[in-house]
Amino acid sequence: MSASVVLSSLANGVMLGGLYALVALGLTLIFGVMKIINFAHGALMMWAMYASFWLAKLGGVDPYLSLAVTLPVGFAAGYAIQRAVITPVLEAPEHNQLLMTLGLALFLENLALLAFKADPRTLLVSYSQASVSLGPILLSLPRLLAFAGALAVTLLLFLFLKFTDLGKALRAAAEERDGAALVGIPVRRVYAVAFGIGTACVTAAGAMAVPFFYVSPEVGNTLVITAFVVVVLGGMGSFAGALAGGLLVGVVESLGGLFVHGSLAQIGIFALFILVLLFKPSGLLGAPSA
Amino acid sequence: MITRRAFVKGAAAVTGGLGFPAVLRAQPKEILVGETHPLTGGLAREGNLGKNGIELAVNEINAGGGIRSMGGARLRLMVLDNESKPPVAISTIERLKDAGAAAILGPYASGLAFVTTQEAEKYKIPHVLDVAIADQITERGFRYTFRACPNAGMGAKHTVDYLGAMAKDLKLSVKRVVLIHEDGIFGKSTADTLQKLLPGIGMDVVERIPHSAATQSLANEVLRIKAAKADIVIPSTYYGPHSLLLRTMAEQRVDVAAILSVYGGAGSQYRFIKDVAKLADYMMDGNHWYNPKHPRIKGIIAAFEKAYQHPFAYEWMLAYQSAYVLKDALERAASTDRDKVRDALAATNLKDQIVPYPIAFNDKGQNPHARTLLMQVLDQKIAVVYPNEFAEAKPVIPMPAWAGRV
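Top line first, the protein sequences correspond to chains F and U.
Counted the way my numbering counts, the first sequence spans residues 1 to 290.
Counted the way my numbering counts, the second sequence spans residues 1 to 406.
Treat the hints with care, as some may be off.
Keeping only pairs whose Cα atoms sit at most 27 Å apart, straight-line, the calculated DSSO-like set for lysine-lysine is [as the list claims (entries may be wrong)]:
#, chain 1, residue 1, chain 2, residue 2
1, F, Lys-57, U, Lys-381
2, U, Lys-293, F, Lys-117
3, U, Lys-381, F, Lys-117
Keep in mind the hints are simulated off the structure, nothing from the lab.
None of these values were measured; they are calculated from a predicted model.
Let's have the full structure, built from the sequences with the hints guiding it.
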């Protein structure tokens with residue numbers, strides 16, 4: 001195996017890992033704040049992908065520009081979903097919350113099946129097949145853009161959480177719900193904001209994936225299962241963990257794919273997943289108490 | 001007081017009065033034809049194409065005077081949705097049995113056909129398959145299962161034969177083949193068959209690359225194709241990965257002489273051309289297709305487009321054909337008795353059909369004459385390029401480099 005093949009594969013892994021990280025970020029935010037595992041995350045991403053797809057197909061809007069519309073809509077949808085269906089089960093036993101998000105996922109998927117049929121659709125934009133050469137390797141431009149976009153969104157989110165009042169309120173509610181409520185933080189509203197931001201993350205990831213992937217009603221499933229692994233690997237609720245976990249999974253999957261075949265490449269990731277759960281359940285970068 | 005004699009007389013008059021007008025109206029009889037298709041769920045697209053194909057055929061048959069040997073009896077379809085789920089498919093066969101269907105058409109997918117044929121066998125109802133190509137379906141000694149189209153193994157063999165003949169005709173120096181397949185039963189079994197057949201036409205399988213059907217990226221796989229210096233890439237996978245493979249090869253500028261699939265997920269489909277436009281050009285695929293030289297085919301395709309606003313797809317054509325196979329058997333059986341229909345089907349000998357082969361069944365219910373054709377996307381159209389007797393265009397091998405066209 002030549003060095004350029006390994007290098008290309010490494011680069012592909014890093015680029016894909018960036019996208020995994022962004023999907024995982026939304027998931028880990030929702031979990032960190034509300035302690036809810038959002039199974040509907042993938043279905044929401046799929047709807048975001050369709051939104052970007054149709055805006056491009058019918059309106060001629062580039063997927064990156066369509067974010068100007070889809071991000072606010074994604075946030076609002078997440079906010080509304082939290083208010084309408086998550087709030088009522090927040091106090092319910094955990095399995096009810098799981099079933100609620102699972103039900104939501106099935107509902108959204110079947111709705112998409114009804115609306116868009118099972119056909120996978122592809123969006124070709126002017127730069128879909130463009131590539132950038134970096135020494136001996138060719139980097140696909142849309143993947144590179146998605147990687148850069150994912151890093152940018154992650155950075156923005158990090159700054160938001162660190163320095164804004166709302167961000168601080170989010171972190172406070174995540175750490176100590178009752179304490180946060182005591183000092184006057186409107187916890188319920190903060191929860192809805194968290195769900196909104198989580199959905200916006202996955203909306204961004206969806207739009208960035210559209211130029212090099214395809215859209216179909218079950219497209220979210222494959223990506224979100226990987227995102228679950230990333231979240232557990234990085235530590236439930238940990239942002240830095242989501243980023244590191246995303247890159248790690250991307251690289252392991254990509255390099256693994258060079259040496260072992262097909263679905264086997266994912267065995268490494270799932271083995272890692274089980275080992276982490278057994279020996280360091282808080283994840284690589286998670287707080288031990290999480 | 002009504003005597004017994006008077007009562008009998010009156011009753012006779014009443015029943016006679018009821019019965020007579022029916023004879024006067026001379027309503028042609030109806031023959032109930034069952035159909036099970038995945039109209040919802042993951043296979044909804046294919047199932048609905050099949051349903052429309054059968055509907056078109058049945059409308060033609062009825063408009064043309066129905067089944068003559070039964071006094072012009074009309075075919076009446078009872079269409080049940082099996083929701084793309086085998087357990088539901090089983091119950092559809094039970095319902096069609098109870099409704100008295102003379103025979104059953106459908107169900108497009110092999111996974112569904114494994115159970116529908118088994119149920120039909122149990123109840124002794126003739127079952128004419130439209131697609132459902134898994135070889136094993138007709139390898140179970142069933143007497144009531146009939147399949148007119150080529151199965152998976154036949155398709156692989158034909159495509160490899162065409163490739164060999166084409167390489168000879170065009171004096172191509174292509175030798176290195178890379179097989180890329182999804183690692184489930186469909187992709188793996190096709191690749192196994194190809195690996196056995198390809199050395200027979202002097203080609204070497206230099207690399208075999210399995211991938212997960214749910215993969216998010218084929219970048220690595222394409223790197224390996226490049227490293228293997230492939231002349232020909234043969235994908236056997238589903239629509240999504242097939243499309244992803246082509247796009248990644250274009251992205252990485254991996255040039256090969258041909259990308260040729262066997263029953264390819266995205267092969268020989270107008271929706272794929274619509275989806276990826278010029279990236280689909282020059283892609284080759286061995287698959288079910290119509291006989292382009294048949295005098296009626298243009299009219300049938302036009303009628304389908306007019307009725308359902310859908311371009312040609314082999315899924316509906318094979319379903320359409322299956323309805324004509326049944327019609328021919330009903331005509332010869334002159335009865336709706338399921339065993340008589342079954343015997344008539346077994347004696348089928350149809351020529352001059354829109355499919356490029358005659359139809360007869362061996363003792364397993366498979367049509368041994370069935371064959372696939374080799375198509376290539378040329379100028380955004382799907383053209384038959386092999387064998388020569390059906391060819392509409394000359395194959396373009398090697399295909400032009402990506403750099404000049406994307």
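What are the numbers of the hints that this structure violates, sorted from low to high?
2
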